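Student: Read off the chains here:
Protein chains: 2
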Amino acid sequence: MDEGHHHHHGGDFDARLTACGVAEPVRTYLSQCAQFHSSPAPGLLIGAFMVDYALELLGANPDEKLFSVCETPKCLPDAPQVIAHSTTGNGRLKVIPIGRFALTMNRASTDKTADGFRVYVDQEKIKAFPIIDKWFSNSPEFNKHTMGTNLQEQILAAGRKLLSYENVRVPVTLKETWQPVTCPSCKETVPDYLVIDGKCGACGPMKYYEKR
Amino acid sequence: MDEGHHHHHGGDFDARLTACGVAEPVRTYLSQCAQFHSSPAPGLLIGAFMVDYALELLGANPDEKLFSVCETPKCLPDAPQVIAHSTTGNGRLKVIPIGRFALTMNRASTDKTADGFRVYVDQEKIKAFPIIDKWFSNSPEFNKHTMGTNLQEQILAAGRKLLSYENVRVPVTLKETWQPVTCPSCKETVPDYLVIDGKCGACGPMKYYEKR
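Chains G and U, in that order, are what the protein sequence lines are. Residue 1 is where the first sequence starts when you use the working numbering, and the numbers rise one by one after that. Residue 1 is where the second sequence starts when you use the working numbering, and the numbers rise one by one after that.
Incorrect hints may appear among the rest.
Said to hold, decoys possible - From the derived model, a few chain G residues whose C-beta atoms are all more than 10 Å from chain U:
no., residue
1, 22
2, 31
3, 39
4, 59
5, 129
6, 137
7, 184
8, 211
What the hints assert, rightly or not - Derived pair list, reagent style DSBU-like, types lysine-lysine, alpha-carbon separation capped at 35 Å:
no., chain 1, residue 1, chain 2, residue 2
9, U, 211, G, 187
10, G, 199, G, 125
11, G, 207, U, 211
12, U, 199, G, 187
13, U, 127, G, 187
14, G, 211, U, 134
15, U, 94, U, 65
Please keep in mind that the hints were generated in silico from the structure rather than gathered at the bench. These figures come from a predicted structure and were not determined experimentally. Every residue, glycine too, gets a C-beta built ideally from N, C-alpha and C.
From just these sequences and the hints, can you work out the full model?
Tutor: Spelled out as structure tokens, the structure:
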């Protein structure tokens, strides 16, 4: 979702937020998301509205300890990261590559499960927004060069109107305990539970680079 | 890595950055990372020094289009996200659960591979920093309640002194083209390449929630 975006959204996008009359706190969310992501990508903007909706459903403040699951890696994950400190690195964001444009959010829980809300792009509701619908369905009729600004404006105007939610329950995952193991091949240390056939994953099936 | 951290780092951490004399631009990187992550977690701080080092090796400005691979999901991924806009949602961050505390960064490339640098915590160099070593190796001698501040100060003082790097080459992955498919079970749309046995992953093996 990165190709073709401007590398910095600069003041143009903030000016559009003003012109479109986007209210707080979503306005700030959108601006911060675009800055972080390095462009105001359409999926990211929809994602910011989704997180705002999930926060309201939970009755939660974005500064609480919140957990998120994104059902797609495309754009969406940056919204809960920026808005709700539910990040890849702090372990409160999980991305599951299902490919649906949907997000589940829940509070921390001491039980084995947590109640939360799943917010998703509703296939019926999106029909009221033809440009968004064309973009979302990857239609050949969508031209990002001529329709990009209209798409952005339609997303800002639509807000939650293309979203629905459901009440869900998700499993709570515990931190794994671990002991360090030195990989006999590369001599770096890894947690014991990630050792594969006596070696670290990179000296086995997860090798992703060549030395040069 | 989240448990036991303060939910907001507030002014305490910024005051420590000043007291420890951390120079720019790393000082700003560290402060922004802690804010995003919602705590100045040790692995995150080391990660910020790693990204700063990788940027220097690449001769890159953090506002360029940069790609990162993190070899652990713990804390580290938030550093390239915050500092270099190499995020989960914009597709420029990949996390591979190898379990090594290492990061590879590279520029965009039109070739099938890209040259980059892999920065890692060096098992020999870390021995010069006993508190960091105890924390890093998950030693029972490390007590986060009594040694947390000392750990933080040792990390800030050590900076790059516990890091090494190697020259690497990584494969460049292209965007997948796709057509939308409506899942016959849930009626939501997913890209065709993610369909499993005629259904979306969530209506199959990737189900992660129950309705309530």
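Student: It remains to establish, for every hint, whether it holds in the given structure.
Tutor: Hint check:
no. : hint             : verdict
1   : 22               : 20 Å, holds
2   : 31               : 15 Å, holds
3   : 39               : 8 Å, violated
4   : 59               : 16 Å, holds
5   : 129              : 15 Å, holds
6   : 137              : 5 Å, violated
7   : 184              : 13 Å, holds
8   : 211              : 6 Å, violated
9   : U:211 with G:187 : 46 Å, violated
10  : G:199 with G:125 : 51 Å, violated
11  : G:207 with U:211 : 39 Å, violated
12  : U:199 with G:187 : 43 Å, violated
13  : U:127 with G:187 : 14 Å, holds
14  : G:211 with U:134 : 30 Å, holds
15  : U:94 with U:65   : 14 Å, holds
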